[in-house]
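Produce the entire structure from the sequences given, and follow the hints as far as they go.
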Amino acid sequence: MTSKLLTVALGLGLSVAAVSAASAGTLDDVKAKGFIQCGSNPSLIGFGFPDDQNNWTGFDVDFCRAVAAAIFNDPTKVKFTPLSAKERFTALQSGEIDLLSRNTTWSMSRDTSLGLKFAGVTYYDGQGFMVKKSLGVNSALNLNGASVCTQTGTTTELNLADYFKANNMTYQVVAFEKNEEVLKAYQDGRCDVYTTDQSGLYAERLKLAAPDDHVILPEIISKEPLGPVVRQGDDAWFNVVKWTYYALVNAEDLGITQKNVDEMKTSTNPEVMRFVGKEGDFGVGIALSNDWAAQIIKHVGNYGEIFERNLGEGTKLKIARGKNALWSKGGLQYAPPIR
Amino acid sequence: MTAVIDEARPQRVSLFNDPKVRSLAAQIIFALLVIWLGYEIYHNTSANLAKLNKSVSFGFLWTTAGFDIIQRPIEYTRDSTYFRAILVGFLNTLIVAGVGIFLATIIGFIIGIMRLSSNWVIAKIATGYVELIRNIPLLLQIFFWYAAVLKPLPGPKESVNFFDLAFLSNRGLVTLKFIWGEGSGYIGIAFIVGVVGAFVVGHWAKRRQELTGEQFHSFWAGLGLIIGLPLLTFLMLGGPVTFEYPVFKGFNFVGGFTILPELIALVLALSIYTASFIAEIVRAGIMAVSHGQTEAAHSLGLRSQPTLRLVVIPQALRVIIPPLTSQYLNLTKNSSLAVAIAYPDLVAMGGVVNNQSGRAVEVVLIWMFIYLSLSLVTSAFMNWYNARVRLVER
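These protein sequences, in sequence, are chains A and B.
Under this note's numbering, the residues of the first sequence are numbered 1 to 339, in order.
Under this note's numbering, the residues of the second sequence are numbered 1001 to 1394, in order.
Hints are not guaranteed to be accurate.
Computed cross-link-like contacts, DSBU-like style, restricted to lysine-lysine with a CA-CA straight-line distance of at most 35 Å [claimed, not checked]:
#1 A:178 with A:77
#2 A:132 with B:1249
#3 B:1054 with A:165
#4 A:207 with B:1151
#5 B:1051 with A:33
#6 A:278 with A:265
#7 A:298 with A:278
#8 A:33 with B:1054
#9 B:1151 with A:132
#10 B:1177 with A:165
#11 B:1157 with A:207
#12 A:316 with A:259
#13 B:1157 with A:178
#14 A:178 with A:165
#15 B:1151 with A:165
#16 B:1151 with A:133
#17 B:1249 with A:178
#18 B:1177 with A:132
#19 B:1157 with A:165
#20 A:133 with B:1177
#21 B:1054 with A:79
#22 B:1333 with A:178
#23 A:329 with A:77
#24 A:79 with A:259
#25 A:223 with B:1051
#26 A:316 with B:1151
#27 B:1151 with A:184
#28 B:1249 with A:223
#29 A:184 with B:1249
#30 B:1177 with A:178
If you are wondering where the hints come from, they were derived from the structure by calculation, not from laboratory data.
As C-alpha cells, this is what we get:
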C-alpha cells in the first residue's frame, strides 16, 4: 500500500533508465517488450476482477485487451497490475504501467495537473448511495447525520463532501483504501451508507450476503465520466489508445461484430472498407498495421459486445445501456469517423 | 649483523600499499559516490517531473482540500487547506502514538515483572503472552482487533448504555463532552502549579531523608497537590464546566465526545504488540541487576516491595532505557499501519492529499520530514532521561 507508493515515488527519482525510456515512446516500448502493462481494478465485478486462476475479466480489462489486439493481433499480450485508487496515478506517472484502465473519473485537475491524459470516456457514470432497506430511507436528502463508507483518494470522497455541504447536512466519512475493505465495513454496520459510482454500487451489492436487503438510492450526485488514462506528452501512444476506443464505438455503429468481422472484409461499403483496412492507409498514422481495427473486433468484439458481456442484461449486474448507448440510440457514445 | 637488520627493516612502501593513503582514497571515493547518488536522485527527479510538466513546490498546500476527515482534533472542514488536512493527520498520529506508548509501557512492565515471578502460573502466563504476541505480524493483529472491536458490537440504535453517560456501539464509544466555561484557564494553571509543587516536595523529601533519615510520604503529598489544587480551584470558581450529552438522532449520536472504533482497535493492537517487546526488555533489565543487590537489600531489612522499587528498578532502568527508546520509536512508526483500518493518521491523510493533488514527491518529503522529526524528538527526550538515571560515580 503505502510502501508501494514510496517505492514508486523513489523510483520516480531513481530509475533513470526505466522512466526516460518509457517517456521516449510508450508505443515503441510496448512493441519492444511484447506486451502492455495495464493498471486495473482487482476487485470490481464487471470492470476488473481476476478469478482464482488469475484470468482477468471485466469492462476495463477488455479495453486493455482491445489495445493489445490492435498492436499485437493478440489480446492475451497484456499483463495486469492490480491497483488501489490511491496508487493508480503514481503507478502511471512513474512508468510502472503503460495504460491505466481502472474506472477512473476524468476531471480537470487530473487531466491538467497530474501529467496525465484521458483518452476518452468509455463509461458515463455518476455517484450514488446504497443503504440497507431496513433503514427505510428513500432519498439521499434523508441521510443527515449518517456514517458514510467510501474509498479514499477518489472523486467520490470529494463529491460526498460537496453534496452534504450543499444540502446543509452533516455526516461522518469512514474512508478505506481498498473497495473490499469499504464493503466489509459497510456489511459489519460500521456505516449506514455506502457510496461510489453507481455502476460500482451494482457490482458491490452482488458481493453482499443478501443483495436484496440493500437499496440503491435514486439520486445521482455527480458526473463521473470514466475512461482510460495515459501519460501526458506521449502523443503516439495517446493516439493508439484513443483510436482503439473510437474503433470499438465505430464498429458498433457500423454493425461490425466479433462474428461477422471476417465477412465484413469483403464488404463494398466504403466506410466498412476503411474500417477493416481494405481502403486507405489508416494504420500508418498510428504506426500499426492497416487492419488494426478489424483485429480489435475479431478478438474482443465491439463496444456493445464488450458492454453486454461484462455489464449487460445477460450478466448478474444487469446494467442497462442508458447514457452509454450509441449516440444514434439516445446515448452519449459517439466516435469520430475513420477516414 | 647490521646489514641483516637493514634488510629486515621495511623499505619505503609504495603509495598503493600505504595504509594511510589507501584509507584516505577509499573514503574520498565513498564520499564521491554518496554525492553522486544524491545528485542523481535530485537530477532525475527534477528531470522526470519536468517531462510530466510538473515541478516540486509546496504552494499546493494552501489550496482547498475538499474532503472531510472523521477524527478532527482541531477545527477542520472540507473548506480547509491541504496543509490543515496533513496537520490533522499528524495530530491523529500523535494521539495514537502517545496513548499507545503510555499503555504499552504499563502493560510491558507488568508482564515483564510477571515473567520473573516465582509463582509458576503467573510466570507462564506472561511467557505465553510474550511468545504469542510478538510472533504474530502487527498488521494481522490490527485487523484482528478491528474485527474484534467492530463485529460483536451492536449498531448505534441498540448501543450498550452506561447510565446514559456513555454509549458503546460499532460507531465507537460516545460519551460526555466537557465544555469549559469562563475562568477554566485557572484550573490548568493550578494543575501546572500542582505538578511543579509535587516535584519540589519530592526533592525536599529526598534531601531531608538523606540528611536526617526521616521519611516523608511525598507520593501522597504530590498526588494531593496535582489533583487537589485544580479541584480546589474548580470549586472556588463555582464549577465552570457544563456537559454536552450525546443524543441519538436519526442515524447516529449527535453531540458528545466520540472515541472511534478505529482508534480503539489501533491503540489496542499497537500497545499489546509493543508491550510484548517491552516486557522482554524489562525482564532483561531486572535480570542484569546482580542478585547480590537484592540479597544485600534483604539483609538490610528491606522487604520485597521496597527492594524492587528502591534498589532493583533504578539500576535496571539503566539497561532498560536505550532499547525502550527503540520500542517507542517503533510504535510511533508502526502507527502508520492505521491506513489499513481507515484511521486518519499522517500517512492516510498524506495519501489522500497526494491522490487529490498529484504531488507525490512533496507528500513523501513531508512524511519523511515529520517521521524523522518525531523520532529525533523522542530519542532526544529518552537520551536526556537516560543521562539522568545513569550511574553517578561518587
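Hint check results:
1. A:178 with A:77: Holds, at roughly 27 Å.
2. A:132 with B:1249: holds (18 Å)
3. B:1054 with A:165: holds (32 Å)
4. A:207 with B:1151: holds (18 Å)
5. B:1051 with A:33: holds (22 Å)
6. A:278 with A:265: holds (7 Å)
7. A:298 with A:278: holds (15 Å)
8. A:33 with B:1054: With a Cα-Cα distance of about 28 Å, the restraint between residue 33 of chain A and residue 1054 of chain B holds, given a limit of 35 Å.
9. B:1151 with A:132: Between residue 1151 of chain B and residue 132 of chain A the Cα gap is close to 17 Å, so the pair holds against 35 Å.
10. B:1177 with A:165: holds (25 Å)
11. B:1157 with A:207: Distance ~26 Å between residue 1157 of chain B and residue 207 of chain A Cα, so the pair holds.
12. A:316 with A:259: With Cα atoms ~24 Å apart, residue 316 of chain A and residue 259 of chain A stay inside 35 Å; holds.
13. B:1157 with A:178: Distance ~28 Å between residue 1157 of chain B and residue 178 of chain A Cα, so the pair holds.
14. A:178 with A:165: holds (25 Å)
15. B:1151 with A:165: holds (31 Å)
16. B:1151 with A:133: holds (20 Å)
17. B:1249 with A:178: holds (30 Å)
18. B:1177 with A:132: Roughly 31 Å between the alpha carbons, so the hint for residue 1177 of chain B and residue 132 of chain A holds.
19. B:1157 with A:165: Holds, at about 25 Å.
20. A:133 with B:1177: Holds, at roughly 33 Å.
21. B:1054 with A:79: Given that 35 Å is the threshold and the Cα spacing comes to 28 Å, the pair holds.
22. B:1333 with A:178: holds (22 Å)
23. A:329 with A:77: Distance ~34 Å between residue 329 of chain A and residue 77 of chain A Cα, so the pair holds.
24. A:79 with A:259: It holds: about 26 Å lies between the C-alpha atoms, which stays within 35 Å.
25. A:223 with B:1051: holds (30 Å)
26. A:316 with B:1151: holds (29 Å)
27. B:1151 with A:184: holds (11 Å)
28. B:1249 with A:223: holds (32 Å)
29. A:184 with B:1249: holds (25 Å)
30. B:1177 with A:178: holds (33 Å)
Hint violations for this structure: none, all hints satisfied.
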